[in-house]
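All chains should be modelled from the sequences, with the hints used to inform the complete structure.
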Amino acid sequence: MDIAVLIKQSLDVQELRVDQDTGKIYVEDAPTKAGDIDLNAAEEAVRLKERLGGKAVALMLSTWGSSGRRQKEAREALTRVLAMGLDEAVLIMGEGAERADTYVVAKALAREIGNRFQLVLAGEGSEDNFSGLLPARLAAELGWPYVAYATSLEVEGDVATVTRSLEDFEEVVKVKLPAVISVTQEINKPRVPKLMEIVKARKKPMDAKNFSSSEEPKVRIRELRVPKVERKRVIIEGDKDEAAEKLIQALKEEGVI
Amino acid sequence: MADFDVIVVGAGPAGSVVSYLLAKKGHSVLTVERGKRPGAKNMFGGRLYSWSLEKVFPEFWKEAPVEREVTREVLGFLHGDRGIEIRLSTRPESRSFTLLRAKFDQWLAERAEDAGAEVVPGFKVEGPLIRDGRVVGVVAEGEEEMESEVVVAADGALSFMAERAGLRPKLSKDDFAVGAKEVIELPKEVIEDRFGLADGEGAAQLYVGDLTEGVVGGGFLYTNRESVSLGVVMRIGSLASKAGEISTSMWEATERFKSHPMIRRYVEGGKLVEYSAHMIPETQFMRGVRLYTDGMVVVGDAAGFCVNYGVTVRGMDFAIESAIAAAEAVHGALERGDTSANSLGEYERILSSGMLRELEAARRAVGLMEDERLYTSIPRMAVRTLEHLFLVNGRPKESLYSFLRREMSEEGISLISALMLGWRALRSL
Ligand SMILES: Cc1cc2nc3c(=O)[nH]c(=O)nc-3n(C[C@H](O)[C@H](O)[C@H](O)COP(=O)(O)OP(=O)(O)OC[C@H]3O[C@@H](n4cnc5c(N)ncnc54)[C@H](O)[C@@H]3O)c2cc1C
Numbered sequence: 080m081d082i083a084v085l086i087k088q089s090l091d092v093q094e095l096r097v098d099q100d101t102g103k104i105y106v107e108d109a110p111t112k113a114g115d116i117d118l119n120a121a122e123e124a125v126r127l128k129e130r131l132g133g134k135a136v137a138l139m140l141s142t143w144g145s146s147g148r149r150q151k152e153a154r155e156a157l158t159r160v161l162a163m164g165l166d167e168a169v170l171i172m173g174e175g176a177e178r179a180d181t182y183v184v185a186k187a188l189a190r191e192i193g194n195r196f197q198l199v200l201a202g203e204g205s206e207d208n209f210s211g212l213l214p215a216r217l218a219a220e221l222g223w224p225y226v227a228y229a230t231s232l233e234v235e236g237d238v239a240t241v242t243r244s245l246e247d248f249e250e251v252v253k254v255k256l257p258a259v260i261s262v263t264q265e266i267n268k269p270r271v272p273k274l275m276e277i278v279k280a281r282k283k284p285m286d287a288k289n290f291s292s293s294e295e296p297k298v299r300i301r302e303l304r305v306p307k308v309e310r311k312r313v314i315i316e317g318d319k320d321e322a323a324e325k326l327i328q329a330l331k332e333e334g335v336i
Numbered sequence: 038m039a040d041f042d043v044i045v046v047g048a049g050p051a052g053s054v055v056s057y058l059l060a061k062k063g064h065s066v067l068t069v070e071r072g073k074r075p076g077a078k079n080m081f082g083g084r085l086y087s088w089s090l091e092k093v094f095p096e097f098w099k100e101a102p103v104e105r106e107v108t109r110e111v112l113g114f115l116h117g118d119r120g121i122e123i124r125l126s127t128r129p130e131s132r133s134f135t136l137l138r139a140k141f142d143q144w145l146a147e148r149a150e151d152a153g154a155e156v157v158p159g160f161k162v163e164g165p166l167i168r169d170g171r172v173v174g175v176v177a178e179g180e181e182e183m184e185s186e187v188v189v190a191a192d193g194a195l196s197f198m199a200e201r202a203g204l205r206p207k208l209s210k211d212d213f214a215v216g217a218k219e220v221i222e223l224p225k226e227v228i229e230d231r232f233g234l235a236d237g238e239g240a241a242q243l244y245v246g247d248l249t250e251g252v253v254g255g256g257f258l259y260t261n262r263e264s265v266s267l268g269v270v271m272r273i274g275s276l277a278s279k280a281g282e283i284s285t286s287m288w289e290a291t292e293r294f295k296s297h298p299m300i301r302r303y304v305e306g307g308k309l310v311e312y313s314a315h316m317i318p319e320t321q322f323m324r325g326v327r328l329y330t331d332g333m334v335v336v337g338d339a340a341g342f343c344v345n346y347g348v349t350v351r352g353m354d355f356a357i358e359s360a361i362a363a364a365e366a367v368h369g370a371l372e373r374g375d376t377s378a379n380s381l382g383e384y385e386r387i388l389s390s391g392m393l394r395e396l397e398a399a400r401r402a403v404g405l406m407e408d409e410r411l412y413t414s415i416p417r418m419a420v421r422t423l424e425h426l427f428l429v430n431g432r433p434k435e436s437l438y439s440f441l442r443r444e445m446s447e448e449g450i451s452l453i454s455a456l457m458l459g460w461r462a463l464r465s466l
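Chains as they are written, first to last, in my numbering: chain W, 80 to 336; chain P, 38 to 466.
If you are wondering where the hints come from, they were derived from the structure by calculation, not from laboratory data.
Quantities reported herein were computed from a predicted structural model and do not represent experimental measurements.
One or more hints might be untrue.
Stated by the list, open to error - Derived pair list, reagent style BS3-like, types lysine-lysine, alpha-carbon separation capped at 25 Å:
no., chain 1, residue 1, chain 2, residue 2
1, W, LYS268, P, LYS140
2, W, LYS253, W, LYS128
3, W, LYS128, W, LYS255
4, W, LYS151, P, LYS308
5, W, LYS279, P, LYS61
As structure tokens, this is what we get:
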């Protein structure tokens with residue numbers, strides 16, 4: 080069984096620089112990396128592959144521009160998942176990709192996937208945008224079933240048994256492959272590649288493809304801004320017991336407790 | 038068979054240059070850097086003297102991410118809210134550039150990668166891998182052993198590599214000074230206007246005075262393209278005995294420096310985008326470092342090739358020069374198939390005929406600057422003397438001679454020793 084794993088080049092949100100006064104986010108300055116939940120998807124693909132054989136391939140469509148720096152970061156992100164044990168990587172990048180929304184990306188990825196794979200794994204959401212739309216859109220494009228929020232996954236022949244984590248209960252689903260499955264962070268603990276594995280991963284095949292698409296995106300991001308948090312700045316004075324009483328009162332009025 | 042010909046620990050300037058040169062010679066090189074990216078966590082004051090890097094990359098400034106070429110040197114004395122600045126406009130035949138390490142170190146590491154070195158960031162090396170008393174590789178994070186014919190320790194001032202290989206004694210806080218720096222963003226035109234610079238020109242400004250409250254050290258300002266690097270260097274040993282807690286007094290000194298009226302006007306309205314602090318190895322301790330052993334050489338700050346002048350620190354150019362020498366020696370040793378201490382000793386022989394002399398001269402000059410009065414009495418007297426000279430208040434003025442005599446007896450300093458101090462300080466800059 081051959082598996083495709085979607086790896087998003089995500090902004091490293093911990094390194095996002097923002098201007099608190101103007102709300103501006105310095106997206107260009109922020110480095111990118113493979114999204115955290117994508118690493119869970121990669122780990123799951125490696126485990127399945129180790130058990131069932133076949134190939135596991137990382138697919139990345141990079142939407143944060145195609146400058147030299149972004150290309151390097153994309154390759155590094157893919158090297159990391161290759162070092163975890165994936166066999167190959169495909170990197171799609173180029174003019175116009177930075178405007179692509181999940182609609183366009185799903186179309187492009189569907190073309191890439193075609194009928195080469197029996198299973199597509201993805202994270203339940205990306206680390207930067209977290210719309211969680213892509214796997215569903217991709218399944219729709221491929222005409223495959225989609226199972227979201229997997230916390231465990233077994234494959235037997237051409238049937239996958241997926242446990243889904245829902246608010247109050249767990250659901251166990253059987254689905255016939257090919258299918259698209261998104262995973263949560265609970266599904267596994269991604270292995271941390273060793274130094275030598277990183278070095279060797281750099282020699283694994285990485286296919287760089289040029290992004291091309293005739294579709295127009297349906298969503299345009301007009302602006303990225305930091306939400307303004309307005310504090311109420313209520314100061315309660317008085318002696319300890321009295322102040323505590325007032326504080327509890329105030330919190331009740333706000334509906335906090 | 039070893040995994041690599043050479044493993045380099047650290048992708049600072051020393052590590053990247055040695056990696057570049059050895060990879061270019063066709064050796065297999067693995068460069069391990071613990072930062073997320075080369076340069077990510079590295080800091081320095083702000084100026085690179087170009088003489089050594091030019092040997093590796095002629096006219097590197099045309100391509101490398103340098104900020105500005107230094108054409109203005111300023112020496113300042115601060116006392117209270119007053120101050121003196123002595124400005125030199127210059128175009129020395131040997132250039133120097135201001136730069137920001139995050140960008141510059143990355144550029145250098147990319148040169149090493151282009152030459153074929155495997156540069157792997159995000160991994161910490163725990164120490165040298167030692168078998169039968171010989172360094173045969175490194176132990177990386179997660180107990181992973183990697184073997185190489187030669188290890189180059191380029192892991193900076195705190196070098197655990199050198200310590201674990203027994204090449205240097207354990208450190209104490211007296212062996213270090215400490216530097217803190219802020220990067221303050223300002224529009225390019227504002228910087229050029231405030232510092233009186235043309236496009237691409239830069240200023241290097243050093244200040245001594247009461248901002249360090251009697252501790253050997255001072256403040257610095259370096260102009261970048263669109264930011265100013267502002268910081269303070271202080272000698273930890275004396276700092277600890279005088280002020281107790283290091284970090285707060287360091288922070289306070291930085292604040293005092295930044296809010297001095299003469300300094301404030303340079304950075305007013307700017308945006309603080311980065312704050313960092315770093316250790317600076319002190320000269321006397323670094324003299325005790327051994328530079329090589331069986332299977333390993335030590336370069337750059339790890340080998341103590343760094344000079345703390347009190348206010349400024351110089352080490353990037355030495356780090357690069359030592360990397361050039363190490364690359365030559367390691368290449369020779371690999372060619373001979375003999376990487377014993379004896380064979381790698383070529384490294385020290387190359388350095389002895391060049392850089393070590395320059396380094397010794399720089400260290401002697403520093404010795405002349407240890408006198409605390411340079412950081413206290415001299416700035417104070419200089420400011421007060423000039424104030425006296427320029428004072429007009431409608432009343433008869435005390436003669437300069439008697440003013441100076443009175444000042445000096447207050448400071449407990451003789452005219453001769455004041456002149457000597459001033460002269461030495463100028464000579465050693
Ligand atoms: C406040 C201050 C101001 C300075 N100002 C100047 C100046 O204006 N001009 C100048 O020329 N010099 C200046 N210096 C000195 C200069 O920064 C150093 O001399 C120079 O950086 C030395 O280069 P290096 O490559 O030897 O070490 P570093 O630049 O320290 O590089 C060491 C590298 O090794 C990595 N590393 C460390 N340990 C490990 C490990 N265990 N595993 C993997 N990687 C590791 C580090 O992350 C780092 O990238 C200043 C220093 C300070 C602290």
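To see whether the hints hold, each was checked on the structure:
1. W:LYS268 <-> P:LYS140: Answer violated: LYS268 (chain W) to LYS140 (chain P) is near 33 Å, above 25 Å.
2. W:LYS253 <-> W:LYS128: holds, 19 Å
3. W:LYS128 <-> W:LYS255: Between LYS128 (chain W) and LYS255 (chain W) the Cα gap is close to 18 Å, so the pair holds against 25 Å.
4. W:LYS151 <-> P:LYS308: violated, 29 Å
5. W:LYS279 <-> P:LYS61: holds, 21 Å
The structure fails hints 1 and 4 (numbered hints given earlier, in ascending order).
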